[in-house]
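Q: Sequence:
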Amino acid sequence: MILSMTGFGKAVKVINNKKITAEVKSLNSKQLDLSVRVPQGYRALELDLRNMVAHKLNRGKVDLYVFCEPIEGAASVSINLSVLKQYKAQLQDMATELGISEPEDWYATLLRLPDALKSDVNVSEVS
1280 MILSMTGFGK AVKVINNKKI TAEVKSLNSK QLDLSVRVPQ GYRALELDLR NMVAHKLNRG
1340 KVDLYVFCEP IEGAASVSIN LSVLKQYKAQ LQDMATELGI SEPEDWYATL LRLPDALKSD
1400 VNVSEVS
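Terminal number for the sequence shown in our numbering: 1406, no gaps in between.
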């Protein structure tokens, strides 16, 4: 069991040509207030991560951040064109229906949406 509620920790591990970084910071609090942020492709692991942290900590305001980045040259990323076409059509329909203007910068708008990019990252490799 952790003895202090205030602290910071960081761990880095390379798994299947991906660099996984986990950062935890905590502050004193009467109850356990847990915030977990993981990359979109790893959302399926969020509940397991929450349970692991909650098993070790009883209280405190805890932030857990997990980052995953490919090691240079190890992963391929491509644009998910079929998803972007659907997003664009829906945004255009919405703009017409609501009488508002379409985005000026389609690239920035579309590439921020979930699943706009495809990667060869596999969640099962990390779990």
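Warning: the hint list may mix true and false statements.
Said to hold, decoys possible - With a cut-off of at most 27 Å between alpha-carbon atoms, the simulated DSSO-like pairs for lysine-lysine come out as follows:
#, residue 1, residue 2
1, Lys1367, Lys1397
2, Lys1340, Lys1292
3, Lys1309, Lys1335
4, Lys1335, Lys1304
5, Lys1335, Lys1292
Think of the hints as simulated: they come from the structure by calculation, not from any bench.
Q: Give a verdict on every hint.
A: Hint check results:
For the hint pairing Lys1367 with Lys1397, the CA-to-CA distance comes to about 17 Å; that is within 27 Å, so the pair holds. Between Lys1340 and Lys1292, the direct Cα distance comes to roughly 25 Å. Compliance with the 27 Å bound is thereby established for this hinted pair. For the hint linking Lys1309 to Lys1335, the alpha-carbon distance of about 15 Å falls within 27 Å, and the restraint holds. Using a Cα cut-off of 27 Å, the hinted pair Lys1335 and Lys1304 holds, with the two alpha carbons roughly 14 Å apart.
Between Lys1335 and Lys1292 the CA atoms are separated by roughly 21 Å; this keeps the pair inside 27 Å, and the hint holds.
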